[in-house]
Amino acid sequence: MLKRFEDLQRFLHLFVDDCDIEREEVEDGEANEVSSSASNTGLRRIPMVDLIPSAGEQRKIAELLDEMTAFNVITTRFQRQDMTITTVRDMFDVVMEGHEGLDGYLAVNGQIVEFPDFEAGVVKVQSGSEKTLLAAERKAVSHLLCLQHSIAHEPIDAPPVARSKRKRAAQALDNALPKKTRQRTTKASKYEDTGWIPATSVVAERFFSMVKSSVGYLRKSMSASTLETVMFLKLNWDLVTLGSVSAAIERSNDAEYVVYSDDE
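Each residue of the sequence shown is one higher than the last, beginning at 823 in the numbering used here.
It is worth saying that the hints were derived from the structure and are not from the lab.
C-beta atoms are modelled at their ideal positions from N, C-alpha and C, and glycine is treated no differently.
Among these hints, one or two may not hold up.
As the list claims (entries may be wrong) - Ranges between beta-carbon positions, derived for each pair: (1) Pro875 x Leu967: 58 to 68 Å; (2) Lys1012 x Tyr927: 16 to 26 Å; (3) Gly923 x Leu1057: 25 to 35 Å; (4) Ala957 x Leu830: 54 to 64 Å; (5) His921 x Ile1071: 39 to 49 Å; (6) Lys1012 x His921: 30 to 40 Å; (7) Ala884 x Lys1056: 31 to 41 Å; (8) Ile1071 x Cys968: 21 to 31 Å; (9) Thr1048 x Ala884: 31 to 41 Å; (10) Cys968 x Arg1073: 36 to 46 Å; (11) Leu886 x Val1052: 26 to 36 Å; (12) Leu830 x Phe937: 41 to 51 Å; (13) Gly920 x Glu1072: 44 to 54 Å.
Claimed, not checked - Below 20 Å or equal to it, Euclidean Cα-Cα: the simulated EDC-like pairs (lysine to aspartate or glutamate) are: (14) Lys1012 x Glu952; (15) Lys946 x Glu936; (16) Lys946 x Asp915; (17) Lys946 x Asp904; (18) Lys946 x Glu922.
Build the full structure now, drawing on both the sequences and the hints.
Here you go:
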């Protein structure tokens, strides 16, 4: 909605002349057909004028759009398949630095994290800080110990930074992410390579951002069953076959037909 407002903002000056109340002559024959107040004053106001935000409101909208665009930098990065718990932890730390109200959701012990000790332990293993593991964290990652401690731990590189085209908010956040990224260790580790383990929060956030990018704000209509079918096929595209696609489409069509019949 805010993005569409930005597209229309440059045309708002065309309605400036309509902001003044226009007076029109009301003939005697028409005065009896309208309300007494309108017939006495002859006032007419275009409804569009009441919807045009003031200069102060437009500044607030622009600031909010910048902030939401900065969040879009994060949600776009979540689409990457090479995200690790450590890189996601770095991204969440950057977001929480500017938005303290998100600590309860994106912190290490946030509500969305099912096993905080395990994720915190994996982050320390990936960043080469195994000596700082707490007792609970060491126990949680104990099953990741290698049989032979001589196995080298491959470095985990942060994903490349894509320069944002948006204004200062998105650019500042985009520049802060690589600075926040911790230096990965190249020395041998007694733990297995944990780069394949996704963070619990990443799985949830990636799903919602994927729905956002799949649906878009220009869609006309889509039933819940159709959306579920689209997301099922997209998330499991490497596993589905032509038969499973046809079956999913048929189930979606049948569900839409039932809903349409109930409405009638």
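Hints not upheld, ascending by number: Per hint list: 2, 8, 18 violated.
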